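Participant: Chains as they are written, first to last, in the working numbering: chain A, 3 to 150; chain B, 3 to 150.
It is worth saying that the hints were derived from the structure and are not from the lab. There could be a bad hint or two in this list.
[Unchecked claim] If you want the ones that stay clear, here's a sample from chain B, every Cβ over 10 angstroms from chain A, calculated:
| id | residue |
| --- | --- |
| 1 | 29 |
| 2 | 45 |
| 3 | 47 |
| 4 | 84 |
| 5 | 92 |
| 6 | 96 |
[Unchecked claim] Quick list of simulated restraints, FRET-style, between CB atoms:
| id | chain 1 | residue 1 | chain 2 | residue 2 | range |
| --- | --- | --- | --- | --- | --- |
| 7 | A | 30 | B | 21 | 23 to 29 angstroms |
| 8 | B | 94 | A | 77 | 40 to 46 angstroms |
| 9 | A | 74 | B | 147 | 38 to 44 angstroms |
| 10 | B | 135 | A | 92 | 45 to 51 angstroms |
These numbers come from a predicted model, not from an experiment. Cβ atoms here follow ideal geometry from the backbone N, Cα and C, with glycine treated the same way.
The primary structure of each chain is shown beneath.
There are 2 protein chains.
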Amino acid sequence: MEPIIRAGETYPYAMDMTVDQARRMWLDVTEAAYVAEDDNGQLLGTYYIKPNQPTLGAHVANCGYMVAEQARGRGVATAMCEHSQEEALRLGYRAMQFNLVVETNEASVHLWKKMGFDVVGRLPGAFNHAKFGFVDAFIMYKTLVRKD
Amino acid sequence: MEPIIRAGETYPYAMDMTVDQARRMWLDVTEAAYVAEDDNGQLLGTYYIKPNQPTLGAHVANCGYMVAEQARGRGVATAMCEHSQEEALRLGYRAMQFNLVVETNEASVHLWKKMGFDVVGRLPGAFNHAKFGFVDAFIMYKTLVRKD
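Build the full structure now, drawing on both the sequences and the hints.
Facilitator: This is the structure:
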């Protein structure tokens, strides 16, 4: 997770975040967190699920995903996003919302669209990108439907 | 605040929330909270300001407003929203975002539009309304500009 946080290009977390702070935001304030491993137990990525709002909005899940640098381009984000939708349904969620998909993070925007998420909103200048300064961010949303 | 929370029609908070929980969500996890009073010190309403996201999204403010039942129709929400925009600028924010404006709460949607907020997104079924069940909610956003 560290290179992603230090880069300040995709998540809003403080770029100088400590391990304890990272642990708290990924594990303690979420409902569940998962890791993706290869057959040798090598860590490929991680994601969390949590309610996006309190009680009367708690049927909408929010997730965050991070893929290890050495595991890029192997479909890890796709696999985690598919897994997260199944887990979200299992946990009782009815929809999934991403609150701040940075516009310049084209790979993620493209991937979430491909996985059935709609861009339901654009937030002007809502993300302070470490390289580009204030850039727009998208809100993406998908109503979850059980496959079986 | 209690009648608004117990009604479950406009805010996602648990309808059986305790005073301690209400205090925490309105005062402890926010950056600042304010009250509106009339000339006799009668409480008319309250609002909070907090960053809508962590560090790299912390230049966007989130606010919540509640008007006392006996003070409706007197421009209290308008006055608080104007005040909150000035306060937000003073605190260094550059924009303001409402994450869950319930579609059936037409008075609020109308008022925020009138005050220059744009509906930048619609969230299908994102609010579990106590009377109507799952209803849509809007994301509303305004870039703040200093008046002077």
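Participant: Evaluate each hint against the coordinates.
Facilitator: Now for the hints, and whether the structure bears them out:
| no. | hint | verdict |
| --- | --- | --- |
| 1 | 29 | holds, 16 angstroms |
| 2 | 45 | holds, 24 angstroms |
| 3 | 47 | holds, 21 angstroms |
| 4 | 84 | holds, 21 angstroms |
| 5 | 92 | holds, 19 angstroms |
| 6 | 96 | violated, 7 angstroms |
| 7 | A:30 with B:21: 23 to 29 angstroms | holds, 25 angstroms |
| 8 | B:94 with A:77: 40 to 46 angstroms | holds, 41 angstroms |
| 9 | A:74 with B:147: 38 to 44 angstroms | holds, 40 angstroms |
| 10 | B:135 with A:92: 45 to 51 angstroms | violated, 22 angstroms |
Of the numbered hints listed earlier, those contradicted by the structure are 6, 10.
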